[in-house]
Amino acid sequence: MKVELRAEQFKEHSLIGRLLRRLHLDIPLLIGLFLLLIMSFMMLYSTGNKEIALLLRQAARMGIAGVLMIALAHVNPRQFQRYSIPLYSIGVALLVAVLLVGDVGKGAQRWLDLGLFRFQPSEMIKITTPMMVAWYLAGHDIPPKWQHIVGATLFILIPTVLIIRQPDLGTSVLVASSGASVLYFAGLSWRFLIATVLGLSALAPLYWQFFMRGYQKDRVLTFLNPEADPMGKGYHIIQSKIAIGSGGPYGKGWQGNTQSQLDFLPESSTDFIFAVFAEEFGLVGCLGLLVIYLFIIARGLYIAVQAQDTYSRLLAGSLVCTFFVYVFVNIGMVIGILPVVGVPLPLISYGGTSMVTLFAGFGILMSIHTHKKILQN
Amino acid sequence: MDMRRYQAIKDRLLENRIFLSRTVILFVFMLFLVAGLLSRLVYLQVLGHKLYHNMATNNRIKVASIPPTRGIIYDKQGRVLAENLAAYSLEIIPDQVTNMTDTLQRLQVVLSIPQEKIDAFNKQKKHYKHFDSIPLLLQLNETEVAKFSVLRHTFPGVDIHARLFRHYPYAELTAHLVGYVGRINERELKVLPEAEYRSMHTIGKTGVELSYENILRGHAGYAELETNAQGKPINELGRIDSIPGADIYLTIDMDLQRTAYDALAEYNGAVVALDLDTGGVLVQVSKASFDPNLFVSGISYKDYDQLNKSKNKPLFDRVLRGQYPPGSTLKPFIALAGLENNVTHRHQSVFCPGYYQLPNKDHKYRDWKKWGHGTVDLDSAITQSCDVYFYDLALTLGIDKMSDFLHEFGFGQKTGIDLMSEKSGLLPSREWKRSQRKQAWFPGETLITGIGQGFTQVTPVQLARATGTLAKQGQVITPYLAERIIYGNRAVEIERPAQKWIELKAGNVQDIINAMVHVVHSPRGTAKKIAEDIDYQIAGKTGTAQVYTVKQNEEYDEADIEFNMRDHALFIAFAPADNPKIAVAVIAEHGSHGSSIAAPIAAEVIKQYLDVGDK
Numbered sequence: 003m004k005v006e007l008r009a010e011q012f013k014e015h016s017l018i019g020r021l022l023r024r025l026h027l028d029i030p031l032l033i034g035l036f037l038l039l040i041m042s043f044m045m046l047y048s049t050g051n052k053e054i055a056l057l058l059r060q061a062a063r064m065g066i067a068g069v070l071m072i073a074l075a076h077v078n079p080r081q082f083q084r085y086s087i088p089l090y091s092i093g094v095a096l097l098v099a100v101l102l103v104g105d106v107g108k109g110a111q112r113w114l115d116l117g118l119f120r121f122q123p124s125e126m127i128k129i130t131t132p133m134m135v136a137w138y139l140a141g142h143d144i145p146p147k148w149q150h151i152v153g154a155t156l157f158i159l160i161p162t163v164l165i166i167r168q169p170d171l172g173t174s175v176l177v178a179s180s181g182a183s184v185l186y187f188a189g190l191s192w193r194f195l196i197a198t199v200l201g202l203s204a205l206a207p208l209y210w211q212f213f214m215r216g217y218q219k220d221r222v223l224t225f226l227n228p229e230a231d232p233m234g235k236g237y238h239i240i241q242s243k244i245a246i247g248s249g250g251p252y253g254k255g256w257q258g259n260t261q262s263q264l265d266f267l268p269e270s271s272t273d274f275i276f277a278v279f280a281e282e283f284g285l286v287g288c289l290g291l292l293v294i295y296l297f298i299i300a301r302g303l304y305i306a307v308q309a310q311d312t313y314s315r316l317l318a319g320s321l322v323c324t325f326f327v328y329v330f331v332n333i334g335m336v337i338g339i340l341p342v343v344g345v346p347l348p349l350i351s352y353g354g355t356s357m358v359t360l361f362a363g364f365g366i367l368m369s370i371h372t373h374k375k376i377l378q379n
Numbered sequence: 276m277d278m279r280r281y282q283a284i285k286d287r288l289l290e291n292r293i294f295l296s297r298t299v300i301l302f303v304f305m306l307f308l309v310a311g312l313l314s315r316l317v318y319l320q321v322l323g324h325k326l327y328h329n330m331a332t333n334n335r336i337k338v339a340s341i342p343p344t345r346g347i348i349y350d351k352q353g354r355v356l357a358e359n360l361a362a363y364s365l366e367i368i369p370d371q372v373t374n375m376t377d378t379l380q381r382l383q384v385v386l387s388i389p390q391e392k393i394d395a396f397n398k399q400k401k402h403y404k405h406f407d408s409i410p411l412l413l414q415l416n417e418t419e420v421a422k423f424s425v426l427r428h429t430f431p432g433v434d435i436h437a438r439l440f441r442h443y444p445y446a447e448l449t450a451h452l453v454g455y456v457g458r459i460n461e462r463e464l465k466v467l468p469e470a471e472y473r474s475m476h477t478i479g480k481t482g483v484e485l486s487y488e489n490i491l492r493g494h495a496g497y498a499e500l501e502t503n504a505q506g507k508p509i510n511e512l513g514r515i516d517s518i519p520g521a522d523i524y525l526t527i528d529m530d531l532q533r534t535a536y537d538a539l540a541e542y543n544g545a546v547v548a549l550d551l552d553t554g555g556v557l558v559q560v561s562k563a564s565f566d567p568n569l570f571v572s573g574i575s576y577k578d579y580d581q582l583n584k585s586k587n588k589p590l591f592d593r594v595l596r597g598q599y600p601p602g603s604t605l606k607p608f609i610a611l612a613g614l615e616n617n618v619t620h621r622h623q624s625v626f627c628p629g630y631y632q633l634p635n636k637d638h639k640y641r642d643w644k645k646w647g648h649g650t651v652d653l654d655s656a657i658t659q660s661c662d663v664y665f666y667d668l669a670l671t672l673g674i675d676k677m678s679d680f681l682h683e684f685g686f687g688q689k690t691g692i693d694l695m696s697e698k699s700g701l702l703p704s705r706e707w708k709r710s711q712r713k714q715a716w717f718p719g720e721t722l723i724t725g726i727g728q729g730f731t732q733v734t735p736v737q738l739a740r741a742t743g744t745l746a747k748q749g750q751v752i753t754p755y756l757a758e759r760i761i762y763g764n765r766a767v768e769i770e771r772p773a774q775k776w777i778e779l780k781a782g783n784v785q786d787i788i789n790a791m792v793h794v795v796h797s798p799r800g801t802a803k804k805i806a807e808d809i810d811y812q813i814a815g816k817t818g819t820a821q822v823y824t825v826k827q828n829e830e831y832d833e834a835d836i837e838f839n840m841r842d843h844a845l846f847i848a849f850a851p852a853d854n855p856k857i858a859v860a861v862i863a864e865h866g867s868h869g870s871s872i873a874a875p876i877a878a879e880v881i882k883q884y885l886d887v888g889d890k
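So the sequence lines, in the order shown, correspond to chains Z and S.
Note that this note's numbering gives residue 147 to position 145 of the first sequence, counting from 1, and the numbers run on in steps of one.
Note that this note's numbering gives residue 590 to position 315 of the second sequence, counting from 1, and the numbers run on in steps of one.
Worth flagging that the hints you see were computed from the coordinates, not collected in a lab.
Treat the hints with caution; some may be incorrect.
No more than 25 Å apart at the CA atoms, straight line, and that leaves these computed lysine-lysine pairs for DSS-like [claimed, not checked]:
no., chain 1, residue 1, chain 2, residue 2
1, Z, Lys374, S, Lys285
2, Z, Lys147, S, Lys747
3, S, Lys676, S, Lys689
4, S, Lys747, S, Lys856
5, S, Lys325, Z, Lys254
6, S, Lys713, S, Lys803
Facing chain S, according to a computed beta carbon distance under 7 Å, are these residues of chain Z, among others [what the hints assert, rightly or not]:
no., residue
7, Gly189
8, Ile246
9, Ser248
10, Gly250
11, Leu285
12, Cys288
13, Arg315
14, Phe326
15, Ile339
Bear in mind the structure is a predicted one, so any value in this text is a computation, not a measurement.
Note that beta-carbon positions come from the ideal geometry of N, C-alpha and C, so glycine has one too.
Model the full assembly from the supplied sequences, consistent with the hints where possible.
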């Protein structure tokens, strides 16, 4: 608490501190994000064959995402609360539109062609779903009564099922977890929580039987035994393990990634970028990266705890929780302890859409944090 | 206090408490999960580091085999019998092909590849590494190269390579002797050392190419290559060059070989000539023959079928594997057996009425001359090839002594020539008949053995060897083909078998040689026609091997008998008689008479050899 006070004093008196406060930005979060972006550039330089154009494209996306973050940071959290229902409804409507008229990319219907650019509504719903659930629960008793739990669950299930239909397992997991985490923070009873987990586990075989597509089953089977088809379905995960393992405790050094440079590791700059990171920087580097992620998460949770109204804290907690799920699912699949689902390593993987969503989330977090004092006044 | 307000504050406190505790629990849970990730990373990067490091190295470093150049085969004078020519081949690296079936189908359309080549490729594919370049078509012509080059970009993993191909400039002339290389088949791949044949696609199949495979092949080299995931080499890390195979100079004289081949004219058969100073094979002709170049790039089913089913049997090596009754060419050896065993001497004579009968038997053993030779002694019996004399001598000698003596001259055994797949012929004996035929030996069989008929079978090379051994008065000749083996600039010592002698009385051998000289040079000799225009003496013996047995009371009439039922014509000879340099054996299948067909062929070879030697 003392440290925090000193930081507050520092902010009050320094020019930069005042400027940042006026910009509604949070220094610790910014530092964490900045470190990740540096890492991202280093990794993309290394995996993209030193192609500068690739870095520039990524920088442009970061710029757009950054602007969005600052813009959202200026919005009063009350506005988010007020627009929760319309935003959620638009998101769901777009998901339905995707299923009806969406573009097919890589065998899945995820995109909506808006003429100027292609838009992925499932990204937006990652934020609007927790907004909706938080709005709904904040309007009722905390901890929620059972009828409200049912209502919240419906709000979560609608987008989740729509995304599963695209099909996009990775995003549906993120959306479901973002909504579920709101329920968790709202004080969903432990008994109920455990019962739900057990119930879902019991339903897993049914899901396998009736809802999973062939390639998804393959991914799970491959995850369980990648050596069954080392040149085919298991190739990806085996090559990933080779890259990580060959990195050793200290790594091969920046740009020393023989496995990805010689093209043994597919998707090395997108979903599997962690394998390259682990190959180049070793266990020590991985530890460092995880510490940065944990630092951002800790700061995010601190912001959530400090939040002054129910809606804000539920939303903040959920956004941080989603960020963690990103990290855990991506690293987990790359190191072979989770099945392969399409989840990027947040803020490091090459690609724009997830970055925009993540920055938007951080923008909301900063908004919650920086509008607090004004509310007090 | 307002109850409602109190309730609100109470709720707010409860909510704060719930939220804080939930956050703390969640963060602890997250730490727990991150610890899980870390422990997995420790497992991979610390405990599994060595394993994965090796896998990474294997991933990117591949060892490519560098094929050696196969040794050249030369004749005695250094004329090339087997060489390596550069040609284009169409090859596929399976690793780089995404859809093999589709690729092959499209290639078939572009280059009209016969299905059999596709099948062969699919079979071969299993035995090579996926990143090896496996040939689909060898020896492409320019049109094919051009056709493919235009479409190359549509066939990833398929490319044209310049490779060395075996070529046999003399084709039919040396087909059996030099042999040929062909595609390594599945069966061979299983037993061959993988390291040596990884880069090679052909192997010696017959003749010298097969027998000296290990020497001609050389040793494959290696290049350590850093490759990308597509198996495309990016960097060469190290290299051990291949060692070319040794060149082999043969004892064959291509001038003589051609003479013999041409002299056989329309006849199928065999000609073998041996250098009596060394045992080297000067001539080794087997006819009908074939073009060995057809086999190098994989012979088509159709061509192979044609060769295989031809009644001339062009693929059959008659010199090493043809087994013929020796006929009268065996007589000099039977006569020598009589002299050495002291059962006859040169002045002992026999009356020949044109047939011979065993005591108390009706069966007449005919002489080739219907009205008989009258009184004949050893010399005239050989000169005129009297059968009755040899019926009588054979009966006196008995099968045991005859068999033992012929055995010393190498009948019924492989000659030990430095080629594989030689047949041993057949030297009958009481023992052989009991074990193989489960029958006792009959006296009549002794008689016909005496004139080289019956069970006895010889290969042309055996006959040449026995003739040479007789010419050298008992010095056993072992035929061979490889004169010199040269690795780079270094000649390799070739091990020759120890010199062997058959114990013979000089006078006895001379009697036989004299008689054989009479065969050629006496006016009554059966081969007197060939004696013109020479200032040295040729010793020879004609022979006729029965293919068709004349029944009792029937006469052999050539005109009546189809070509394929006609007798084989044989001739053995050596010259000069007093200092033999060359021994020849000729078999002209269905040539009827040794004197008219086979003898002139031998004479031509001898004359050419000795005339050149004189100059």
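Outcome of the hint check:
no. : hint                   : verdict
1   : Z:Lys374 with S:Lys285 : holds (22 Å)
2   : Z:Lys147 with S:Lys747 : violated (121 Å)
3   : S:Lys676 with S:Lys689 : holds (21 Å)
4   : S:Lys747 with S:Lys856 : holds (9 Å)
5   : S:Lys325 with Z:Lys254 : holds (13 Å)
6   : S:Lys713 with S:Lys803 : violated (44 Å)
7   : Gly189                 : holds (4 Å)
8   : Ile246                 : holds (5 Å)
9   : Ser248                 : holds (4 Å)
10  : Gly250                 : holds (4 Å)
11  : Leu285                 : holds (4 Å)
12  : Cys288                 : holds (5 Å)
13  : Arg315                 : holds (6 Å)
14  : Phe326                 : holds (5 Å)
15  : Ile339                 : holds (5 Å)
Consistency with the previously given hints fails for numbers 2, 6, ordered from lowest to highest.
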